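Protein chains in written order, with the numbering used here: chain G, 1 to 400; chain H, 1 to 343; chain X, 1 to 252.
Since the hints were derived computationally from the structure, they do not count as laboratory data. This one's a predicted model, so the numbers in the text were calculated from it and none came from an experiment. Here a beta-carbon is modelled for each residue, glycine too, at the ideal position from N, C-alpha and C. Do not take every clue at face value.
[What the hints assert, rightly or not] Here are some, though not all, of the chain G residues that point toward chain H, as calculated from beta-carbon distances under 8 Å:
{"hint": "1", "residue": "69"}
{"hint": "2", "residue": "115"}
{"hint": "3", "residue": "124"}
{"hint": "4", "residue": "126"}
{"hint": "5", "residue": "359"}
{"hint": "6", "residue": "376"}
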Amino acid sequence: MFRLDRQDAGLLVFVAVITLFAPILLNPFAEGSAMAQFNAGYPDLMQRFVIFAIFAIGFNILFGLTGYLSFGHAAFLGIGSYSAVWMFKLLSMNVIPAVLFSVIVAGVFSLVIGYVCLRRSGIYFSILTLAFAQMSFSLAYSVLTPITNGETGLQLSLSDPRVLDGKTTTGALPETNLFGVAMNDTLSVEALGRVWQFSAGYYFCAVLMLIAFYISIRIFRSPFGMMLRAVKSNQQRMRFTGLNTRPYALAAFVISGMYAGLAGGLMAAMDPLAGADRMQWTASGEVVLMTILGGAGTLLGPILGSGFIKYFENIFSKINDTILHQWFAFLPDGLENFVVAVIYPFVGKGWLLTLGMLFMLVVIFLPGGLIEGAQRLRKLFARTPTGAADRRAPASKPAE
Amino acid sequence: MDGLILQTLNGLDKGSAYAMIALGLTLIFGTLGVVNFAHGALFMIGAFCAVVMNGMMSLSYETIDPAQLDFLGQPMKVETTYLSSWVGPDLSAALIDWSVPLSLLLTVPVMVLIGFVMERGLIKHFYKRPHADQILVTFGLAIVLQEVIKAFFGANPIQTPAPGMFEGSFDFGVLMGFDPNAIIYPYWRMVYFVFSLLVIGAVFAFLQFTTFGMVVRAGMADRETVGLLGINIDRRFTFMFGLAAAVAGVAGAMYGPINAPNYHMGMDFLVLSFVVVVVGGMGSLPGAVLAGFLLGIVESFASLNEVKMFIPGIDQIIIFVIAIVILLTRPRGLMGRRGVMEE
Amino acid sequence: MGILEVKDVSKRFGGLRALSDVNLSIAEGALHAIIGPNGAGKSTLLNVLVGKLLPDTGSVTFAGQSVLGRQPHQINQMGIARVFQTPEIFGALTVLENVLIPCFAKRDGAYRLHALEAVRDETAINAQAEAMLVDVNMQDKRHMLAGSLSRGDKRRLEMAMCLVQEPRLLLLDEPTAGMARADTNNTIDLLKQIKATRPVTMVIIEHDMHVVFSLAERITVMAQGTPLVEDIPARIKGNPKVQEAYLGTAHA
């Protein structure tokens with residue numbers, strides 16, 4: 001199917017089915033029940049799942065395959081968002097030109113930045129990318145205010161030209177749409193005594209995520225993908241095999257930059273505003289974490305990692321001390337207060353703390369990420385001899 | 001001319017901070033071969049040591065003084081610090097006034113301890129792991145430390161004033177024959193600059209004139225050989241980490257009066273300090289110090305209005321631009337050694 | 001006119017003359033060994049040949065073209081392959097992939113971003129790589145990670161990666177350094193087999209006299225940065241100049 005072998009096609013179908021039925025699968029608990037807060041099937045969160053999955057899939061093509069650790073990919077996300085919003089302001093509220101434009105602009109920027117940064121490797125590369133991202137971040141806040149609207153962030157306004165759409169007559173801001181289907185449209189279906197919501201925006205992002213995932217599978221299985229893994233493994237041998245490593249690494253950098261631009265464009269398409277905070281170093285760190293948490297260098301890893309992090313970010317942010325006290329109400333009062341006091345710093349606004357801890361724990365104990373964890377578990381239970389299975393998932397420990 | 005001198009002076013205090021952080025980064029990198037992304041957090045923790053010192057000195061209890069009446073005619077509640085009940089009000093006021101310099105007494109042991117714990121508990125296990133793993137784990141640690149401080153002290157900057165006698169500014173202009181008020185420079189910044197020179201000088205003297213320092217320098221030049229000589233490097237490494245942490249810590253503690261400590265100052269300084277290390281040359285201690293002061297001054301010049309009019313926004317990016325140019329033209333930095341962190 | 005011509009090459013490092021007026025001509029199809037005591041300039045010469053070092057004077061031409069100032073990948077594309085002292089392979093890739101990569105490099109040049117074709121659809125190249133693995137008797141290990149091979153197998157794999165490109169010149173830098181006697185003998189046999197079945201020219205830099213005298217057709221002895229004698233092995237053994245170069249310091 002689609003020129004994939006059976007195993008890869010199976011993986012693609014599996015991801016496609018999960019994605020398409022996500023609004024149902026992610027809402028296992030009835031509304032109003034105590035567990036309903038663990039549901040993840042509402043449009044806003046699901047959109048974030050797939051958008052960050054795109055971001056992480058792209059980052060994985062750079063970091064997972066070539067081993068070049070970029071700390072500046074959030075810059076391309078931000079650039080994508082700004083480009084998309086400008087498209088909404090100038091051309092049309094249709095998401096297609098906006099998304100295309102954000103991919104192209106991010107691609108151009110990553111070509112320039114990648115060309116400079118890839119002159120060096122290892123830690124120098126990481127620091128250079130970090131420096132570039134910080135530079136974009138401070139520029140977006142200061143000099144580039146005419147383009148980025150500084151701290152307020154770039155927003156739509158009624159006076160925007162929107163050449164293709166013509167003047168709005170309603171006096172309200174127009175909505176982003178795909179040939180007339182508004183991105184925030186939801187289709188509500190009543191079944192099994194519950195209301196299921198299917199968001200147009202989610203499905204638009206989901207389809208693009210599936211395409212992005214499909215392309216990443218193809219890249220992994222291509223001679224190009226093999227060359228990228230060779231770049232990570234031994235650059236010296238690669239050069240003496242007659243290969244110029246730089247174009248390969250640069251191509252991977254640009255592809256991952258375009259993925260980041262696509263993700264940024266989609267974020268703007270779901271909610272048409274763009275701010276410089278999307279370019280901060282914490283945002284760059286987050287995508288690194290998503291990739292290694294899932295499993296750098298594996299196909300499914302980035303999707304798993306981004307889903308995991310966005311889900312727990314959402315859950316954790318919602319928990320406040322009232323909820324904690326409810327949970328631990330069964331404990332004696334003193335103990336209850338103690339447990340709540342211990343957990344509280346990690347939830348609610350303390351999500352970043354949890355993120356940092358998670359970061360350290362994953363790097364220390366599970367450098368191969370969730371995928372490696374699952375493989376270890378499977379080996380533990382099945383005790384099958386290794387061999388053919390290993391070919392599919394080449395050693396995925398992050399290297400320089 | 002007076003403008004030039006003023007900007008040079010203005011760059012010195014930031015440059016001092018860069019130089020001290022970069023010095024610690026280079027020490028850790030040179031001896032342990034570890035890239036420490038949490039070093040900025042150590043600087044930040046140092047700054048908060050000063051905050052804590054101030055807070056501890058101001059701990060107080062309430063008494064009701066029947067001799068005084070408040071505006072409602074009730075006996076007035078009076079707050080007395082424990083400190084003043086121990087040493088008397090005059091001395092306690094003086095001590096609180098001097099809380100920032102005094103906090104060094106707290107900062108040094110705390111930072112050395114943190115350094116030891118970090119090295120023994122975490123970094124030690126990453127010597128043989130790829131640099132990417134080291135970057136990632138210390139990056140995670142930086143987030144954790146930053147968030148812990150935020151949880152305790154809140155997100156807003158906390159003022160830590162300099163001792164009263166260093167408030168105000170010194171008029172350099174008069175000294176050098178310019179108009180009064182042409183070059184005024186706050187006293188505390190001068191103190192900070194001199195302090196940084198002392199710290200840096202002490203570290204260099206330590207490395208130069210002690211046996212311990214000699215072994216460390218030998219280790220920086222060729223780690224394997226030193227290991228083969230049967231010298232126990234592990235303990236020295238731990239100590240070096242403690243030293244680097246202490247240098248970053250005192251740099252942070254004394255920086256409070258210049259810039260009120262906040263939880264994200266660590267990361268703000270870290271990115272720039274890395275750039276400083278790279279510009280100075282990875283693994284070169286004099287390079288780190290030189291580049292620290294140099295970039296501080298360059299940054300200060302770039303924020304001149306005349307320059308900004310010429311190239312808008314240059315003050316925001318000048319350091320990065322320099323770093324990029326240096327890395328592309330002189331890959332080893334200003335004073336880098338051959339073979340450090342090359343493929 | 002040999003396939004590799006080194007003319008008047010000199011190289012100084014500060015005050016040290018690493019190479020002085022080296023002249024060397026390697027005949028096409030020959031198995032030529034370069035030996036010499038430590039510090040004779042063998043490694044410097046090799047680094048000049050592969051473009052890693054630029055000599056101060058002189059020229060190095062391969063098949064009529066200068067190799068000086070070229071990048072390693074360009075030199076490889078000219079038809080020069082290199083075997084390293086410690087085997088340089090792609091440890092994180094499978095044995096088969098290790099051999100596939102040079103096949104692609106040979107067919108597609110220094111880079112080609114064929115991102116959407118599948119490796120397994122490249123039937124011709126796969127067949128070529130599999131045949132090479134059969135030649136070095138490693139077909140059973142083709143799905144193993146190359147990093148997990150024994151040292152001898154890594155060496156064989158590295159040779160296979162070089163040979164599959166059908167280079168005109170193969171440079172070997174102490175291919176048996178640090179090997180056990182059995183592995184050394186295996187490597188000698190492998191080199192003999194390559195010599196017998198392929199038209200490749202080989203230049204081997206070696207310390208181990210046993211290896212050199214059981215393989216080489218011609219030997220160049222270097223001392224103090226310059227070639228001392230060049231001859232067939234039988235006449236090298238008894239040459240007084242050679243003995244002096246190796247033992248001379250002891251006499252003096």
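Under 8 Å, Cβ to Cβ, is where residue 115 of chain G needs to be relative to chain H, so tell me if that hint holds or is violated.
10 Å, violated
Should the interface hint for residue 124 of chain G be scored as holding, given a Cβ-Cβ cut-off of 8 Å against chain H?
Status holds, d = 6 Å.
Is the shortest C-beta separation between residue 359 of chain G and chain H less than 8 Å?
3 Å, holds
Measuring from the C-beta of residue 69 of chain G to each C-beta in chain H, is the shortest one below 8 Å?
For residue 69 of chain G, the interface hint holds, since the closest Cβ of chain H sits about 5 Å away, which is under 8 Å.
Hinted contact residue 376 of chain G with chain H - closest CB pair below 8 Å:
18 Å, violated
Against chain H, with CB atoms and a cut of 8 Å, does the hint on residue 126 of chain G hold up?
This interface hint holds because 6 Å falls under the 8 Å limit.
Comparing the model with each earlier hint shows violations of hints 2 and 6; every other hint is respected.
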